[in-house]
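In order, the protein sequence lines correspond to chains V and L.
Under full-length UniProt numbering, the first residue of the first sequence carries the number 1, and numbering increases by one thereafter.
Under full-length UniProt numbering, the first residue of the second sequence carries the number 1, and numbering increases by one thereafter.
Keep in mind the hints are simulated off the structure, nothing from the lab.
Backbone N, C-alpha and C fix where the C-beta goes; we use that ideal spot for every residue, glycine too.
Careful, some of the hints might be misleading.
Unchecked claim - Stretch by stretch, here's where chain V covers chain L in the computed footprint (C-beta under 8 Å, at least three residues): (1) 65-74; (2) 83-90; (3) 170-178; (4) 181-192.
Said to hold, decoys possible - Mimicking DSSO-like on lysine-lysine, the simulated pairs with C-alpha atoms at most 30 Å apart in a straight line are: (5) L:Lys-194 <-> V:Lys-91; (6) L:Lys-91 <-> V:Lys-91; (7) L:Lys-91 <-> V:Lys-194; (8) L:Lys-91 <-> L:Lys-194; (9) V:Lys-194 <-> L:Lys-194; (10) V:Lys-194 <-> V:Lys-91.
There are 2 protein chains.
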Amino acid sequence: MADKPHIVKSFEQELGQLRSMMAQMGGIVENQVALALAAIADRDEEAASSAYQQDLEVDQLERDVEGLAIRLLALRGPMASDLREIVAALKITGDLERIGDYAASIARKSLRIQTGEGQISLSGLRSMGRLVQDNLRRSIDAMTQRDANRATEVWHADRAVDEYYTALFRELVTYMLEDPRNIRSCTELLFIAKNLERIGDHATNIVERVYYAVTGENLPPFRPRGGIEISDQEWDAR
Amino acid sequence: MADKPHIVKSFEQELGQLRSMMAQMGGIVENQVALALAAIADRDEEAASSAYQQDLEVDQLERDVEGLAIRLLALRGPMASDLREIVAALKITGDLERIGDYAASIARKSLRIQTGEGQISLSGLRSMGRLVQDNLRRSIDAMTQRDANRATEVWHADRAVDEYYTALFRELVTYMLEDPRNIRSCTELLFIAKNLERIGDHATNIVERVYYAVTGENLPPFRPRGGIEISDQEWDAR
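From just these sequences and the hints, can you work out the full model?
Next comes the structure, spelled out in structure tokens:
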């Protein structure tokens with residue numbers, strides 16, 4: 001019995017270590033997204049290369065979290081919300097790793113964009129970037145604070161990201177139709193916009209898992225979505 | 001003691017149930033990818049809609065696997081390779097769910113493609129589709145058979161998918177440059193090619209997790225990649 005408080009404390013310590021690794025991983029991918037957006041806004045090669053390089057750290061943290069989670073599951077027999085939290089951490093690292101990949105991909109593409117004497121406006125992309133960055137920050141806050149209410153807020157906020165994406169998609173296709181010299185850059189920008197939209201989706205996945213870990217309940221299977229499809233009529237009306 | 005064999009058997013039964021749910025989930029997403037490719041090849045609306053609808057089933061299976069995995073972890077205290085297999089299942093469902101999403105997305109886009117009197121050839125996309133389908137099938141076989149050798153084979157085979165993607169990307173941009181009327185369909189096709197490439201990446205993730213679950217070792221952090229970047233020189237040489 002004398003050892004019991006020690007064991008309990010040690011499980012808490014290890015769970016605390018897991019949480020701090022998750023917070024660290026979240027901080028890095030937030031930073032990667034910020035760097036990738038700076039790379040677009042300012043054609044900042046250093047930011048782009050820094051976003052790219054941090055991918056290795058994220059991949060290593062994913063493996064480390066997995067190792068610690070397996071250790072906790074094997075040796076500590078965690079139950080109820082602790083168990084849900086460890087399982088959520090295993091899934092969330094996958095989302096964070098993908099967000100890091102998308103940020104690295106945006107950073108690489110950013111250096112290949114030429115806006116051709118201002119023909120192509122990047123203001124829509126920048127606004128979308130800020131919104132995605134904000135949602136990501138809030139989803140990581142919900143994770144570190146295990147806050148189900150904040151999780152629900154972010155879950156609803158992704159709708160606006162989808163709407164931005166649709167508007168941006170239309171705008172970029174219009175630039176391509178107007179002048180074939182825009183095709184190269186707009187193709188890169190289309191993928192950048194898609195990557196941002198995917199980062200928003202992964203931020204949503206994170207809060208879904210946080211919500212489940214904290215409450216033991218799932219959010220509804222369908223999230224309200226912004227209009228991500230363009231109808232044939234709209235295409236034909238160009 | 002009299003109960004021990006019963007408990008042991010029952011853990012095996014529950015692990016068997018987890019395996020059969022994973023195999024079922026793998027089978028559905030394989031089928032979704034096949035339907036999505038049929039939707040492209042034959043403009044088959046029924047196939048497209050069927051690919052799309054199976055997403056719900058995949059999402060439900062992901063939740064069911066998670067529920068059963070948590071149950072096994074909480075009540076059975078699995079160790080060593082059993083524990084690794086359950087953790088791998090939790091991660092692999094995420095990959096399978098994404099593959100299903102990409103297949104649904106390809107199916108939706110397929111109906112918006114117009115090849116304009118054969119100006120745009122889909123043969124490259126079809127070849128890439130067959131290769132991705134083949135890699136996915138083999139990665140799911142590696143999973144159901146817990147076969148580390150097969151896992152390593154698939155892991156190497158993804159390089160060819162990356163090469164197809166790069167070639168296809170170039171081809172599609174050329175069609176757009178040749179005739180602005182191709183821009184609409186080629187934009188959809190670019191995203192379809194990207195989705196196929198991502199399905200290939202997720203098949204690679206699956207075999208990485210299978211390899212770890214079976215051997216307790218990680219595959220190297222870097223996979224040999226096909227050329228997925230197009231250099232500025234190549235762009236400029238158009």
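How the hints compare with the structure:
no.: 1; hint: 65-74; result: holds (count 5)
no.: 2; hint: 83-90; result: holds (count 4)
no.: 3; hint: 170-178; result: holds (count 3)
no.: 4; hint: 181-192; result: holds (count 5)
no.: 5; hint: L:Lys-194 <-> V:Lys-91; result: 24 Å, holds
no.: 6; hint: L:Lys-91 <-> V:Lys-91; result: 6 Å, holds
no.: 7; hint: L:Lys-91 <-> V:Lys-194; result: 24 Å, holds
no.: 8; hint: L:Lys-91 <-> L:Lys-194; result: 22 Å, holds
no.: 9; hint: V:Lys-194 <-> L:Lys-194; result: 11 Å, holds
no.: 10; hint: V:Lys-194 <-> V:Lys-91; result: 22 Å, holds
When the structure is compared with the earlier hints, no violation turns up for any of them.
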